[in-house]
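Trainee: In case you want the letters, here they are:
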Amino acid sequence: MEDELASIAAAAGAAMAGARAATATSGPGLSLMAETISMLGMAELGVVLTIWARAGPSTGLATRTAQQDLFYSLFIGHGEFPKIVLASGDIEEAFYDAIKTANWADKYQVPVIHLVDKDLSNTFVMMPLPDPYSVRIERPRPVVFQEEKNANRYELTEDGLPVRLLPGVSKAVYHVVSLEHDPEGDPDEDAEMVKKMYDKRMRKIDLMLKEIPEEDKVRWYGPRDAEVAIVSWGTTKPQILAALEELPGVGFLQLRLLAPFPAEEVKRYLAGKKTLFIEGNYMGQSALLVRMYTGIEADAVAVKYNGRPVTADEVVEAFKRFKAGEKRIELDWDL
Amino acid sequence: MTVVKVELKRTPQDYKWTKPPEWCPGCGHFGILQALLQVFAELNMEPSRTVLVSGIGCSSRLPHYVRTVSAHTIHGRAVPFALGLKLANPNLEVMVVGGDGDLFAIGGNHILGAGRRNVDFTVVLMDNAVYGLTRGQAGPTLPLGLQPKALNKPNPQADLNPLLVALASGFTFIARSYSYDIRYTAKLIKEAMLHKGSALVQVLSPCVTYNNIMTREWYEKRVYKLEEADPTWDPVVHDEKEDYEKRRRAIEKMLEIERLPLGIFYKNELVPTFEERYAQMYDPNYLKFPPALQPIEKDGKSVIDFYRLMADRIL
Ligand SMILES: Cc1ncc(C[n+]2csc(CCOP(=O)(O)OP(=O)(O)O)c2C)c(N)n1
Ligand SMILES: [Mg+2]
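Quick mapping for you: the protein sequence lines, in order, are chains A and B. For the first sequence, the residue numbers in the working numbering are 1 to 335. For the second sequence, the residue numbers in the working numbering are 1 to 315.
Next comes chain B alone, as it looks inside the complex:
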């Protein structure tokens, strides 16, 4: 992202929209909202240039509580919508927020597509392992054999690991946080936004209404911070030669399930972003005149030089 210097200094309060959240009292998603407001204030994001994009779910309602431009789209399609928006105008700061169901079940395919491109945007996964909005069905991150209260039998499907999926598909920043730790969540989201390339932050966010197994106590027994457990932990790829080793170590940590590591698992800014690739391979003026900012007409006349464009087809 590009940090724009402006005189005005905003506070978290300035990023609150006109209406209050409508989540269950105690919902983990409150912590993520609070963290976002803090980060936006710290980075003094311009609300009219920052776009939150979501799909459908309790989590996907978050943009309605935030004073930035936003699009609350349909179930599973937030990521491609956000990519279209960002690529049409790369000057925008674009962030996707959404649930485990939205981003990794119905919308999972788009995560794979996004990683391959490494567009400079951030995905915040608000993971409660259930479909909260539709009353607690099993989400894609619910472990095998668990039976939260809305299920009439234990979950017969295994969970997928969003961090491994993100790594395999090419995300260049991958982190995990826990929503009741608002400061830590804010810190990781901020790092993700400052990262150049596609970033995924999984935030473990207990659903107090439907997930009566993966509760606050359940998580707090398991989570620990990577950098606290190992002060030499350095997830950053400083040199392409390190990449293999950094990935291998990240995977090792991602595979831990008895205890759940929090922190940054992997960060690599040496991979060119899609925007850079596009400018280099197709159009050197892309970043200055992206599709949304290009003039297309003058006094109603197309500015395209049609006859040059069609030169090889004109007899």
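The following block holds chain A by itself, in its conformation from the complex:
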């Protein structure tokens, strides 16, 4: 397509037609996609966006890596609507997550951001052959009528999910719309209807948190009774796992599902532990996010924002500085 405005719009159209729809970009392109992401939320169309985060702001370091776009991925889109953000920790995870995110886009009919970064997407690895057949492909069957019939795409369903109607397949005549609407899919600003529709869409958040399995929300590595937990997300995972070999007794909580946020699970794993957050941005975004949703205050945050990934040696260094009492640890190794 000619630009990212078009790419995501075309993916949205393909989703409406009934295809599995996905597109990929990095920060600048994601900016152009913002308005349509909000439309996917309102019109209830499922599209997967794979974001290869690079170092910004703006054109920034266009061929280098960063984890600066966590907040942007979480909060992109005007208005409020359910959205999924899943961060993969390594290439094998990314492989399976690609299938899972597509399942979720089909099922929940929401925008799904699969968040990886330049580091991960440009890495070549030798790895055991993954088995795509081990992940079930799940997509709701389309409703098909015997005879042509007007249908309500936005029925006020209990679980919040819209019925899956496909043009030309369902024999249904129905309207899809970006404005607030009635069940038929036509603009409606009636105060009572607005609230009902809003609630219906937002109910999908509870459903996702209920249905998405724990291993897709968070993963714990190391002894469960560790006193200190390193907390991180995305492609710092392999380096942290390598560092753990030199840090016996330390645990690692990998955050995977970032929206909707699995506050219960995170609270459960971090209860009573000291926390060291490590990530590739200036603000310590995941530490702020965890505080926002759980009230847990980070004991220390190690950050890196020079366009280079966090290395295993830096994880060890961060841990030592944390032990020495530093609260904000700036990592700056070149590679």
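Note that these hints are calculated values from the structure, not bench results.
Some chain A residues near chain B, calculated using beta-carbon distances under 8 Å:
(1) M1
(2) D3
(3) A14
(4) M16
(5) E35
Distance ranges between label pairs, derived from CB positions:
(6) A:P248 x B:D312: 39 to 47 Å
(7) B:E258 x A:V144: 53 to 61 Å
(8) B:I314 x A:D159: 37 to 45 Å
(9) B:Y244 x A:L156: 56 to 64 Å
(10) A:M193 x B:E240: 51 to 59 Å
Model, not experiment: these values are computed from the prediction. Positions of the beta carbon are idealized from the N, C-alpha and C atoms, including for glycine.
Knowing the structure of chain A, use the given hints to seat chain B with the ligands on it.
Mentor: Only chain B with the ligands this time, still in chain A's reference frame:
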């Protein structure tokens, strides 16, 4: 498009949705709606297989008054949304409707992209030269120096010509109509739908509330029909060798501004559609099993032969 024979014969009434239009009385857009209902009935379009796609604007509300599948999307993105829909399932009849602002200002870039592809779909431009919905600001087709009532100074920008833009970007059917002439508008939209490839019909559609200059009287003094002025007028490219000459003549007519020609300016079905190119260059089964109709799983298992796909990467 493919005309599907069905027993049932529908009337324009059968294509009316459950709710009536909410446009200003006398709005030119009513004529376009009426013309569409007529064409759909004449072609006996299946409402569940016909998809209207629009952006945002008074014009973009049209799908809500029509009994077909539709998507009322966001400002400027109707064309790429429609292309995604059509390419995911080329069996659908896909039509974009929208205003001059939607299709040629905020969404103009997508017209350029669409022409290069020549996907088999139709764009109906409901042109009132203003942003009707947002209270009458200058649209991209408002001529230089005009000052319709919502502008506090005359328009300092020149107008663009949607027909020339469509020709330059590769649309293979280009026509212009006038909305109060419902029969003629229906005739041209029908031709556009029957055309194989990307079609643009510009319908001059007076905004009775905000465009107090380009009114019904203003248009009716200017419009004339190409085939009435010149009975030998033939816009169809019958042979590739004619293409240059047909384009040259179309451009000449498109450039007229004192009087505004209506009719078909250019039609060329010799250019392969994107769907044909895709089937030929990438996937011979594309038209039979397009992405939206392909099975992707059996009992939850992917039908993709992953190991064959990855053969050159497996050690
Ligand atoms: C991104 C964005 N910018 C601006 C608007 C506000 N807006 C709504 S309709 C419109 C112009 C509509 O004009 P046109 O497409 O010519 O349709 P008409 O109402 O004249 O039929 C604008 C600017 C919007 N909805 N979205
Ligand atoms: Mg307009």
